[in-house]
Amino acid sequence: MKAFTKHTGLVAPLDRSNVDTDMIIPKQFLKSIKRTGFGPNLFDELRYLDEGQPGKDNSQRPLNPDFILNQARYQGASVLLARANFGCGSSREHAPWALEDFGFRAIIAPSFADIFYNNCFKNGLLPLVLKEEEVDELFRAVESVEGYALTVDLENQTVSTPDGKVYHFEVDEFRRHCLLNGLDDIGVTLEDADAISAYEARRKQEAPWLFPAG
Amino acid sequence: MSGKTLYDKLWDAHLVKERADGSCLIYIDRHMLHEVTSPQAFEGLRLAGRKPWRIDANLATVDHNVPTTGRENGVEGIEDPISRTQVQTLDANCNEFGIVEYGMSDQRQGIVHVIGPEQGATLPGMTVVCGDSHTSTHGAFGALAHGIGTSEVEHVLATQCLVQQKSKNMLVQVDGELKPGITGKDVMLAIIGKIGTAGGTGYAIEYAGSAIRSLSMEARMTMCNMSIEAGARAGMVAVDDKTIDYVKDRPMAPKGEMWERAVESWRELKSDDDADFDKVVHLDAADIEPQVSWGTSPEMVTNVGDRVPDPANESDPIKREGMERALKYMGLEPNTPMTGIKLDRIFIGSCTNARIEDLREAASILKGQTIASSLKQAMVVPGSGMVKAQAEREGLDRIFLDAGFEWREPGCSMCLGMNPDQLGEGEHCASTSNRNFEGRQGFGGRTHLVSPAMAAAAAIHGHFVDISDYYDRAG
Ligand code: SF4
Chain W
-12 MKAFTKHTGL VAPLDRSNVD TDMIIPKQFL KSIKRTGFGP NLFDELRYLD EGQPGKDNSQ
48 RPLNPDFILN QARYQGASVL LARANFGCGS SREHAPWALE DFGFRAIIAP SFADIFYNNC
108 FKNGLLPLVL KEEEVDELFR AVESVEGYAL TVDLENQTVS TPDGKVYHFE VDEFRRHCLL
168 NGLDDIGVTL EDADAISAYE ARRKQEAPWL FPAG
Chain F
-17 MSGKTLYDKL WDAHLVKERA DGSCLIYIDR HMLHEVTSPQ AFEGLRLAGR KPWRIDANLA
43 TVDHNVPTTG RENGVEGIED PISRTQVQTL DANCNEFGIV EYGMSDQRQG IVHVIGPEQG
103 ATLPGMTVVC GDSHTSTHGA FGALAHGIGT SEVEHVLATQ CLVQQKSKNM LVQVDGELKP
163 GITGKDVMLA IIGKIGTAGG TGYAIEYAGS AIRSLSMEAR MTMCNMSIEA GARAGMVAVD
223 DKTIDYVKDR PMAPKGEMWE RAVESWRELK SDDDADFDKV VHLDAADIEP QVSWGTSPEM
283 VTNVGDRVPD PANESDPIKR EGMERALKYM GLEPNTPMTG IKLDRIFIGS CTNARIEDLR
343 EAASILKGQT IASSLKQAMV VPGSGMVKAQ AEREGLDRIF LDAGFEWREP GCSMCLGMNP
403 DQLGEGEHCA STSNRNFEGR QGFGGRTHLV SPAMAAAAAI HGHFVDISDY YDRAG
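First to last, the protein sequences are chains W and F. 67 is the number that our numbering gives to position 80 of the first sequence; each next residue is one higher, with no gaps. 142 is the number that our numbering gives to position 160 of the second sequence; each next residue is one higher, with no gaps.
It should be emphasised that the hints constitute simulated quantities derived from the structure, not laboratory data. Being a predicted model, the structure only gives us computed values, none of them experimental. Be aware that a few hints might be false.
Stretches of chain W that chain F covers, calculated by requiring three or more beta carbons in the stretch to come under 8 Å of a beta carbon on chain F [as the list claims (entries may be wrong)]: (1) 19 to 27; (2) 49 to 61; (3) 71 to 79; (4) 106 to 117; (5) 152 to 161; (6) 181 to 192.
In silico DSSO-like pairs for lysine-lysine, Cα to Cα no more than 27 Å straight-line [said to hold, decoys possible]: (7) W/K191 x F/K(-14); (8) F/K301 x W/K118; (9) F/K261 x F/K237; (10) W/K152 x W/K191; (11) F/K237 x F/K(-9); (12) F/K301 x W/K191; (13) W/K118 x F/K148; (14) F/K349 x F/K161; (15) F/K252 x W/K191; (16) F/K176 x F/K150; (17) F/K230 x W/K191; (18) F/K(-9) x F/K261; (19) F/K301 x F/K(-9); (20) F/K230 x F/K261; (21) F/K161 x F/K(-14); (22) W/K21 x F/K33; (23) W/K(-11) x F/K33; (24) F/K33 x W/K191; (25) F/K176 x F/K161; (26) F/K(-9) x W/K191; (27) F/K310 x F/K176; (28) F/K324 x F/K358; (29) F/K150 x F/K261; (30) W/K118 x F/K176; (31) F/K148 x F/K252; (32) F/K148 x F/K(-9); (33) W/K118 x F/K150; (34) F/K176 x F/K349; (35) W/K118 x W/K152; (36) F/K224 x F/K161; (37) F/K310 x F/K237; (38) F/K148 x F/K176; (39) W/K(-7) x W/K152; (40) F/K(-1) x W/K191.
Note that the Cβ used here is the ideal one computed from N, Cα and C, for glycine as well.
Chain F with its partners taken away, still in its complex shape (with noise of 0.2 Å):
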């Protein structure tokens, strides 16, 4: 018999239960929850008279709707009055229920898939779902996260469990060495422009090869984040000594004597030598150049040096002619090089890639530079109170201001724009978020998804560069 999977043995660790029709009652050990997809399954609850099953498994945060200015009027200064009755029924909710939430005002609260890992409240082993697809970003921690819809999210709390069906296994290989500038951003983009955004449907995906045990935990989580993008509900990373660091003294970690038990149990997590995956792909690091998106879903993306793909030379009539209706969508012509394109905002956040290193990493490129005068806007949205604290201690949000970029209060802003940070029609936007579908980011607005180096070095020029080159310069 082969050996297991890391999947495989985060599934049957969790398996409460296989019942005579072979769905599965799967144990749920961390539920995080946010305004936008909780609010009905607490009705739901109270309409059946349930009380959740474990309180403490639950951790709630504000996230998609609030402002990102003016927050000193806590919940209050929420101007549009649709989204603080939302954010004021999280509030209500979690009172009346007893769980513990980051609220508006409070220096914890951020990306709810931001503030997981950072609070420790994200653990190796765990099982970790939220009513949001981004879910996966958990998985870097040897976890297995996914994404709810409202009604799971109600069966979680009434029951800690959900009815699953197993995922089929995938393991993407990436091996080599990355060249310099290159993030998990980059790779994560190229492996949805080879696979594309169905290839993982069914599946969940485990990273692995010399390039990812080389990338840091926060770069882990941007890739298994976007596992969503690929198709894949659960992408995940093998424990290692860079995740065990990451969480050592986290403020929910394990502590003392508990700390070493779990260490010891969290070594287990990775694949066996001998595991067999359904499907295997690899990818060579040192071919994987600096993405950028030009169409309308995450898989229409390309190298930076590359030009704007021609639909005439696609075979597959549908496909081309959702190549002709992205075009049409984001006004690009065929063959227009990606540096081509001109650029009316630059976005630094989201649940991707607003991480202190995704801070850094902008930073170090905008030092001593400042934005183009063609911009519109460029901003930088911390992903936590947190992370803003923590950047500011280091200085970045001089640097961003001093180049010209707003700084901003956490939450998910442009990324989806639910709250008042939004792409005018027509606006091309270079974004370190994680979808470029119509109307995501704004009504008519034009997204390319990037890493947060190429957004900061696009933000300078008003147009793509290829942040290689940079590196090349700076040495």
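Same shape as in the complex, but just chain W (with noise of 0.2 Å):
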């Protein structure tokens, strides 16, 4: 897995609430049996005016001029700005995927849904919450700033503005960890083989059914 350390990158800011994984990623693009090239299709409905469909020429499509990534001052960007509950519904990591893919690699909410907030971590992307007044702020200034650019810290936990002020967020040992150093996570938890094999051992004798092969 890619690390995240430290990153420094234009933000674009995602006006809406209760964003979706739907929304994020939309279902036809499921169907890939990859893990990437999902970014061209990233907020697809949002972002193009006609229908997506995997395989389509994207740069023929109609592009929506209202929408914030199609916008010219947030080309480049990479810290997304967003609304509470960012990430809500399906499970699919297709979604942190196109996020990645797309190029951001920091996401700035008040809020995150549970399942989403966890697939981003497995991905090098990290999803970190500031209180609401403080996203409130930090949207009146990207708007008002072109060129806007924040610095996200993961070994510190702070978000820098470009005028000094520096906000702190919390995230968990174990996944800063693991972002921080890129590791696989897979292979941490093997490292507790003989734990999972004792415990299975003895749920063998406490609920012997839900061992049906012995």
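Combine the two chains into a complex, taking the hints into account.
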């Protein structure tokens, strides 16, 4: 997995709450058996005016000029500023895959849906929670200053603005550790293989019906 | 010290290890797989040269992509080559790793959350996961069940565990008697309307109270299914006689002496009387009316007798904007009576409401009736091959067909329209599924979430009607 330590990038504001994972990457793109290539269809129904399909040439499709990621000033954005309950709905990991493939490295919101939040960490994408007022402040700043960039520092758990303001965010220790070091968490779990086997042995005594194959 | 909640008990029983950094390894008893969220996980295993930890804990089926007509041609009959590849990829992966799969031509095939309980693959006291957010369904059995992402699918395959943080406990207590015609779906939509789509974020919800006890297992599954629409990954109901009766004699349920032992242990699967919950929500069952969603989020729901809300009355600017956007997408004017919305299609199906009881409920309304001529289509998609066969034995297929419904093969179908079953742009659909997100059922499609009975009654009239009147009239 890609590590995340510190990142400075242009911010794009997506000013709507309850952005669901169907919106982040619509179902027709979930037919892929790969993990990559979802970026061009990120926010497909918001971004284009026609209906997207796998295999369709996206460069020929009419863009929705009102959508934030189509506006000149947000080209190259790598930090997404979002509203409450971002990533709700389906558990599809294609959502973080699409955000990451598009070029986002961090998402800032007042709250995230649980499964989406968890999925981001597995893909080198940092979802971070700031207070509602802080997010409001950032929305105002991004909209008023062209080229507004933020620095996200996972080591120190901070977000710094161009004018020197620093916000602090919380993240649990295990996720932080894995992301900072780009660790494969399956490998980490397998270090506890003995504990898993011991649990199974005990459980087979307590609840043998859970192990019909013996 | 206070007692334990059901969730605490399930958590403790599956805790393999708490690591120094506070993260926990939780053992997974049952892992269900489907074609959409598993291919990259199997690929990951291969790339890392890893083997599944415990083959017999896994059970797979194809549901999202499968067509609901023309199934006699099997996998070859899937017209979309990308969908076909995804289905074939699951077949190949299950073959390679030796995982049991109910493929397209197996009668046990169906929506993953319908077949688990149906086969007894879901048992009380288990941890159940699947790369699908509606895995919360299985919590109806006093199990700890939730959706996971594809990286976690790979993690479970390789280690039989998940790295977890414990959630907080929420109790949703529904007491009193439900009015005739009010279903688990209405109760759940009312709960989501009350606590919002993020109300359960960070919590495991337990549904309790006399109204929940009175519900069938199917209705409890409907409720637990939509826990994720309330933001909670897991929803659950304590074990009682109904749970045990439902599980008994299922193909994969324990038998004989083992059954007796299991039942004795399952009886403990309830919250202690003195258990502490971090949050408690009360609903009075008698207040719950038939529910219909009007917007593009499951919390945008109201009583069938009400009107489409007016954003002008909303003081929170972000919410107001969300409502305005939803109404624009839905093509609805504020203050329109819910019964005045003209419908184009009716969909009875999905892991929320495609079990036998749901079909019986809808059929009881449709018996001897015909659907409105203004509808473009009405369809029933049974949740599994077993549900379909049972319904046909009971003659329900005839009732639906005679009324003008299409009777389809099992799968997810128009719940998300990954197969050809989709809404057209601007079409309004009364749907028994769980999500009314923009584009969910088809590009530009407009979903109204309802119970099977409400969908059936709406099919007859071409618009929503209050199902309670229906039950009053029917006696
Ligand atoms: S029926 Fe709908 S919600 Fe249920 S698993 Fe299938 S797509 Fe998901």
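Now the hints, each set against the structure:
{"no.": "1", "hint": "19 to 27", "in the structure": "holds (count 4)"}
{"no.": "2", "hint": "49 to 61", "in the structure": "violated (count 0)"}
{"no.": "3", "hint": "71 to 79", "in the structure": "holds (count 7)"}
{"no.": "4", "hint": "106 to 117", "in the structure": "holds (count 3)"}
{"no.": "5", "hint": "152 to 161", "in the structure": "holds (count 3)"}
{"no.": "6", "hint": "181 to 192", "in the structure": "holds (count 5)"}
{"no.": "7", "hint": "W/K191 x F/K(-14)", "in the structure": "holds, 24 Å"}
{"no.": "8", "hint": "F/K301 x W/K118", "in the structure": "holds, 17 Å"}
{"no.": "9", "hint": "F/K261 x F/K237", "in the structure": "violated, 38 Å"}
{"no.": "10", "hint": "W/K152 x W/K191", "in the structure": "violated, 56 Å"}
{"no.": "11", "hint": "F/K237 x F/K(-9)", "in the structure": "holds, 24 Å"}
{"no.": "12", "hint": "F/K301 x W/K191", "in the structure": "violated, 51 Å"}
{"no.": "13", "hint": "W/K118 x F/K148", "in the structure": "holds, 22 Å"}
{"no.": "14", "hint": "F/K349 x F/K161", "in the structure": "holds, 22 Å"}
{"no.": "15", "hint": "F/K252 x W/K191", "in the structure": "holds, 22 Å"}
{"no.": "16", "hint": "F/K176 x F/K150", "in the structure": "holds, 19 Å"}
{"no.": "17", "hint": "F/K230 x W/K191", "in the structure": "holds, 21 Å"}
{"no.": "18", "hint": "F/K(-9) x F/K261", "in the structure": "holds, 18 Å"}
{"no.": "19", "hint": "F/K301 x F/K(-9)", "in the structure": "violated, 38 Å"}
{"no.": "20", "hint": "F/K230 x F/K261", "in the structure": "violated, 34 Å"}
{"no.": "21", "hint": "F/K161 x F/K(-14)", "in the structure": "violated, 33 Å"}
{"no.": "22", "hint": "W/K21 x F/K33", "in the structure": "holds, 20 Å"}
{"no.": "23", "hint": "W/K(-11) x F/K33", "in the structure": "holds, 23 Å"}
{"no.": "24", "hint": "F/K33 x W/K191", "in the structure": "holds, 22 Å"}
{"no.": "25", "hint": "F/K176 x F/K161", "in the structure": "holds, 19 Å"}
{"no.": "26", "hint": "F/K(-9) x W/K191", "in the structure": "holds, 18 Å"}
{"no.": "27", "hint": "F/K310 x F/K176", "in the structure": "holds, 23 Å"}
{"no.": "28", "hint": "F/K324 x F/K358", "in the structure": "holds, 11 Å"}
{"no.": "29", "hint": "F/K150 x F/K261", "in the structure": "holds, 8 Å"}
{"no.": "30", "hint": "W/K118 x F/K176", "in the structure": "holds, 23 Å"}
{"no.": "31", "hint": "F/K148 x F/K252", "in the structure": "holds, 18 Å"}
{"no.": "32", "hint": "F/K148 x F/K(-9)", "in the structure": "holds, 12 Å"}
{"no.": "33", "hint": "W/K118 x F/K150", "in the structure": "holds, 20 Å"}
{"no.": "34", "hint": "F/K176 x F/K349", "in the structure": "violated, 34 Å"}
{"no.": "35", "hint": "W/K118 x W/K152", "in the structure": "holds, 14 Å"}
{"no.": "36", "hint": "F/K224 x F/K161", "in the structure": "holds, 21 Å"}
{"no.": "37", "hint": "F/K310 x F/K237", "in the structure": "violated, 55 Å"}
{"no.": "38", "hint": "F/K148 x F/K176", "in the structure": "holds, 25 Å"}
{"no.": "39", "hint": "W/K(-7) x W/K152", "in the structure": "holds, 16 Å"}
{"no.": "40", "hint": "F/K(-1) x W/K191", "in the structure": "holds, 17 Å"}
When the structure is compared with the earlier hints, violations turn up for hints 2, 9, 10, 12, 19, 20, 21, 34, 37 and for no others.
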